[in-house]
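In the working numbering, the protein residues as written are 1 to 240.
Worth flagging that the hints you see were computed from the coordinates, not collected in a lab.
Some hints here could point you the wrong way.
[Stated by the list, open to error] Label-pair restraints from in silico Cβ distances:
{"no.": "1", "residue 1": "63", "residue 2": "118", "range": "31 to 37 Å"}
{"no.": "2", "residue 1": "14", "residue 2": "64", "range": "22 to 28 Å"}
{"no.": "3", "residue 1": "169", "residue 2": "39", "range": "20 to 26 Å"}
{"no.": "4", "residue 1": "217", "residue 2": "118", "range": "19 to 25 Å"}
{"no.": "5", "residue 1": "72", "residue 2": "118", "range": "32 to 38 Å"}
{"no.": "6", "residue 1": "87", "residue 2": "123", "range": "49 to 55 Å"}
Even for Gly, the Cβ is constructed at its ideal location relative to N, Cα and C.
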Amino acid sequence: MNPVRQAVLWLNDPLNWTNPGGILDRLGEHVSISAAAVLLGCLVAWPLGLWLGHTGRGGGLVVLVSNLTLAVPTLALLTILPLTFLGFGRPAVVVALAVFAVPPLLANAYTGVRQVDPQIREAARGVGMTGAQALRRVELPLAVPYLAAGFRTAAVQVVATAALATFVNGGGLGEIIRLGFGLSIAVGGGQILAGGLLVAGLALSVELFFGFVERLVTPRPLRRARRGAGRRAADAITGS
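Given only the sequences and the hints, what does the whole structure look like? Please build it.
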């Protein structure tokens, strides 16, 4: 039977959704793992990125940290971390995915604060604000669209990568794919394809949802400025 037809039949079987260990259970595991990883990444990356952006120092550190975390394969972390005190299971998966989430969160937090108009900073100091007050009351609100953009990127990347959690007993939608590979291709091909479609569909849903959230928190003048910057970049690339 055609694998596509097998996948459609597998997805249309109600038992595959509701049975213990079925799609709904695995979806809940996948979302909880991804959410925990992104939130852990935020706790680490946002304070560091905001403070470095506020001080105007550490741009090289941001690039270095981002490059280092991107250079380490997530699968390698998933196989190394279970050998530590974290052990096999969700804690190791959450930490590994959090490392993967740090680069966009850190870079966007730093960029968001650095993009604040220097005259606005001077005005904040002129009314007697301390550095911490200016960061909290002025720079942070203006950086929110950048934070949302970083969160969106990190969330999509983590959701897409969390399927690898199955290799270290972490659960998630990757379990569906792994169990399909445990069967022969003739029997499990449809299940493998169905699992891949579920992961892709979840990642796309996260992208659309947080894209909408990012648009909501971005003021209209800034939206126009970003679109203009995007057009100028495209013109520069095409040479028009």
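Hints, one by one, checked against the model:
About 22 Å separates the C-beta atoms of residue 63 and residue 118, a value inconsistent with the hinted range of 31 to 37 Å. Distance hint check: the CB atoms of residue 14 and residue 64 are about 51 Å apart, inconsistent with the given range 22 to 28 Å. Restraint check, residue 169 to residue 39: a C-beta distance of roughly 22 Å satisfies the suggested window 20 to 26 Å. Under the hint 19 to 25 Å, the C-beta atoms of residue 217 and residue 118, about 23 Å apart, fit the expected range.
For residue 72 and residue 118, the hinted distance range of 32 to 38 Å is satisfied, since their beta carbons lie about 36 Å from each other. Between residue 87 and residue 123 the beta carbons are some 52 Å apart, a value that agrees with the proposed interval 49 to 55 Å.
In summary, the numbered hints that this structure violates are 1 and 2.
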